[in-house]
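*Asks:* Hey, can you work out the whole structure from these sequences and the hints?
Chains as they are written, first to last, in my numbering: chain A, 1 to 201; chain B, 1 to 173.
Hints should not be assumed to be uniformly reliable.
Only pairs whose alpha carbons sit at most 20 Å apart, straight line, appear in this in silico SDA-like list of lysine to any residue [as the list claims (entries may be wrong)]:
no. : chain 1 : residue 1 : chain 2 : residue 2
1   : A       : Lys102    : A       : Arg141
2   : A       : Lys28     : B       : Pro86
3   : A       : Lys28     : B       : Thr158
4   : A       : Lys173    : A       : Ser36
5   : A       : Lys28     : B       : His85
6   : A       : Lys28     : B       : Pro157
7   : A       : Lys28     : B       : Glu87
8   : A       : Lys28     : B       : Pro90
9   : A       : Lys28     : B       : Arg62
10  : A       : Lys28     : B       : Gly104
11  : A       : Lys102    : A       : Ser36
12  : A       : Lys102    : A       : Lys173
13  : A       : Lys155    : B       : Val46
14  : A       : Lys155    : B       : Pro90
15  : A       : Lys155    : B       : Asp44
16  : A       : Lys28     : B       : Asp88
17  : A       : Lys28     : B       : Asp44
18  : A       : Lys12     : A       : Val121
These are computed hints drawn from the structure, not numbers from a lab. In this text, all values refer to a predicted model and were calculated from it rather than measured experimentally.
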Amino acid sequence: MGHRDIPVLETKRLVLRGPSADDYPNFKATFASYRSRFMGGPLTPYETWMLYAAEIGHWEIRGFGMWMIHDKATDEALGMAGGWQPAAWPEREIAWIIFPGKGGQGYGLEATDACRRYLYVEQGWDGAVSYLDPKDLASIRLAERLGCKRDDAAKTIDNNDSAYRHPVPGALKNSQLADGIALEIAHYADPAFKPEGWALD
Amino acid sequence: MSRIEIPTLQTERLTLCAPRPSDFEAWAAFRGGPRSTFVGGPFDRVQAFNQFCAVAGHWDMRGFGRWIVTETDSDTPVGLVGLFHPEDWPEPELAWTMFDGSEGKGYALEAARKVKSHAFDDLGWDRLVSFVSVNNTRSIALAERLGAQHTTGFEHPTFGELICFVHQPGGGA
Numbered sequence: 001m002g003h004r005d006i007p008v009l010e011t012k013r014l015v016l017r018g019p020s021a022d023d024y025p026n027f028k029a030t031f032a033s034y035r036s037r038f039m040g041g042p043l044t045p046y047e048t049w050m051l052y053a054a055e056i057g058h059w060e061i062r063g064f065g066m067w068m069i070h071d072k073a074t075d076e077a078l079g080m081a082g083g084w085q086p087a088a089w090p091e092r093e094i095a096w097i098i099f100p101g102k103g104g105q106g107y108g109l110e111a112t113d114a115c116r117r118y119l120y121v122e123q124g125w126d127g128a129v130s131y132l133d134p135k136d137l138a139s140i141r142l143a144e145r146l147g148c149k150r151d152d153a154a155k156t157i158d159n160n161d162s163a164y165r166h167p168v169p170g171a172l173k174n175s176q177l178a179d180g181i182a183l184e185i186a187h188y189a190d191p192a193f194k195p196e197g198w199a200l201d
Numbered sequence: 001m002s003r004i005e006i007p008t009l010q011t012e013r014l015t016l017c018a019p020r021p022s023d024f025e026a027w028a029a030f031r032g033g034p035r036s037t038f039v040g041g042p043f044d045r046v047q048a049f050n051q052f053c054a055v056a057g058h059w060d061m062r063g064f065g066r067w068i069v070t071e072t073d074s075d076t077p078v079g080l081v082g083l084f085h086p087e088d089w090p091e092p093e094l095a096w097t098m099f100d101g102s103e104g105k106g107y108a109l110e111a112a113r114k115v116k117s118h119a120f121d122d123l124g125w126d127r128l129v130s131f132v133s134v135n136n137t138r139s140i141a142l143a144e145r146l147g148a149q150h151t152t153g154f155e156h157p158t159f160g161e162l163i164c165f166v167h168q169p170g171g172g173a
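*Replies:* Now the structure itself:
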């Protein structure tokens with residue numbers, strides 16, 4: 001039972017670790033801000049603290065959860081990404097949040113791609129969805145860049161959200177999609193061909 | 001990275017352990033029912049699940065927390081008792097909740113006594129309080145049976161007016 005050792009994931013620019021008490025101020029600032037409007041926020045201080053404790057405890061109860069995304073060079077916390085499945089969630093979700101002021105640099109794409117690979121390869125997930133608010137254009141764009149397709153037949157959390165279905169593990173192996181994601185991440189890390197003109201996480 | 005190891009405590013009839021997935025239904029039934037009004041409820045299943053996860057995560061945030069209390073013989077979860085210190089709480093408290101159908105057996109008193117001695121004797125705390133809603137007569141009675149002294153509490157934006165009971169090391173129980 002439980003998940004005492006939360007794995008550490010590394011990408012070119014990022015280190016993903018289990019959320020710790022040290023990272024709470026970043027989470028608190030985010031959930032006090034308008035940035036959290038698609039994730040049930042803004043929240044009161046009590047609600048925010050309990051939600052952060054829940055992010056950690058989800059690893060204990062479900063055996064998977066959300067990682068804290070850190071800049072590999074500076075250790076700065078940039079957001080969170082990972083697996084999420086509260087009671088009443090129809091399916092396991094891949095979720096993300098990028099902290100205020102940290103969007104537009106491809107961190108969400110780079111981190112979520114790494115989380116999804118871990119959940120598929122190491123934890124044996126055969127697929128996943130992301131439940132998105134139809135007004136959350138930055139997240140919808142990120143889902144599309146990750147190869148997700150809106151699944152209108154899928155059950156949603158409360159009918160106020162849309163289910164975006166991730167490609168299955170087989171569709172990510174040696175595929176044009178996987179190459180495209182890797183290429184976009186590489187361009188953020190070495191920005192010769194940085195995309196412009198839309199909201200990005 | 002490693003998460004904190006949650007210790008297990010034993011009393012005559014009870015085992016205090018880390019929350020387990022199998023304990024969730026008993027928790028959700030309590031959090032969704034009328035007895036949860038003193039603790040901000042009732043809550044739906046999604047809220048109850050996040051709160052259940054937060055019971056585990058509290059240990060990592062503070063180094064202490066609350067245990068699922070089980071009947072040792074049957075392994076049935078009967079309540080949640082332990083040390084609770086969320087954001088905007090004035091200080092850590094000894095908190096207790098009995099799940100539906102597990103009241104009236106002295107379990108809350110037995111578990112709370114154990115946690116009280118754990119806080120004073122094992123953790124070396126020199127002060128321990130409990131915050132109880134002014135209308136929660138059963139919890140007020142339990143605080144008094146534990147020998148706690150009634151003092152001025154505080155008004156919480158979510159939980160309303162709370163009495164502060166100050167526990168005494170060793171005595172009273």
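*Asks:* With reference to the structure, classify each hint as holding or not holding.
*Replies:* Status of each hint after checking the structure:
The suggested pairing of Lys102/A with Arg141/A holds, with an alpha-carbon distance near 16 Å, which does not exceed 20 Å. Between Lys28/A and Pro86/B the CA atoms are separated by roughly 13 Å; this keeps the pair inside 20 Å, and the hint holds. Straight-line distance between C-alpha atoms of Lys28/A and Thr158/B comes to about 18 Å, which keeps the hinted pair within the 20 Å bound. The straight-line distance between the Cα atoms of Lys173/A and Ser36/A is roughly 33 Å, outside the 20 Å bound, and the hint therefore fails.
About 16 Å separates the Cα atoms of Lys28/A and His85/B, which keeps this hinted pair within 20 Å; it holds. Distance check on the hinted pair: Lys28/A and Pro157/B sit about 18 Å apart at the alpha-carbon level, within 20 Å; holds. About 10 Å separates the Cα atoms of Lys28/A and Glu87/B, which keeps this hinted pair within 20 Å; it holds. Among the hinted pairs, Lys28/A with Pro90/B is consistent with the structure: their alpha-carbon atoms are about 18 Å apart, no more than 20 Å.
Restraint check: the Cα-Cα separation between Lys28/A and Arg62/B comes to about 16 Å, which is no more than 20 Å; the hinted pair holds. Taken as a hint, the Lys28/A and Gly104/B pair is broken in the structure, with Cα atoms around 40 Å apart against an allowance of 20 Å. Among the hinted pairs, Lys102/A with Ser36/A is consistent with the structure: their alpha-carbon atoms are about 13 Å apart, no more than 20 Å. For the suggested pair Lys102/A and Lys173/A, the alpha carbons sit about 29 Å apart, so the restraint of at most 20 Å is broken.
For a cut-off of 20 Å, the pair hint linking Lys155/A to Val46/B stands: about 16 Å separates their Cα positions. At roughly 42 Å between alpha-carbon atoms, Lys155/A and Pro90/B are farther apart than 20 Å, so this suggested pair is violated. With a C-alpha separation of about 18 Å, the suggested pairing of Lys155/A with Asp44/B holds against the 20 Å cut-off. Annotation: proposed proximity of Lys28/A to Asp88/B holds, straight-line Cα distance about 13 Å (limit 20 Å).
With a CA separation close to 24 Å, the supplied pair Lys28/A and Asp44/B exceeds the 20 Å bound. For the hint pairing Lys12/A with Val121/A, the CA-to-CA distance comes to about 19 Å; that is within 20 Å, so the pair holds.
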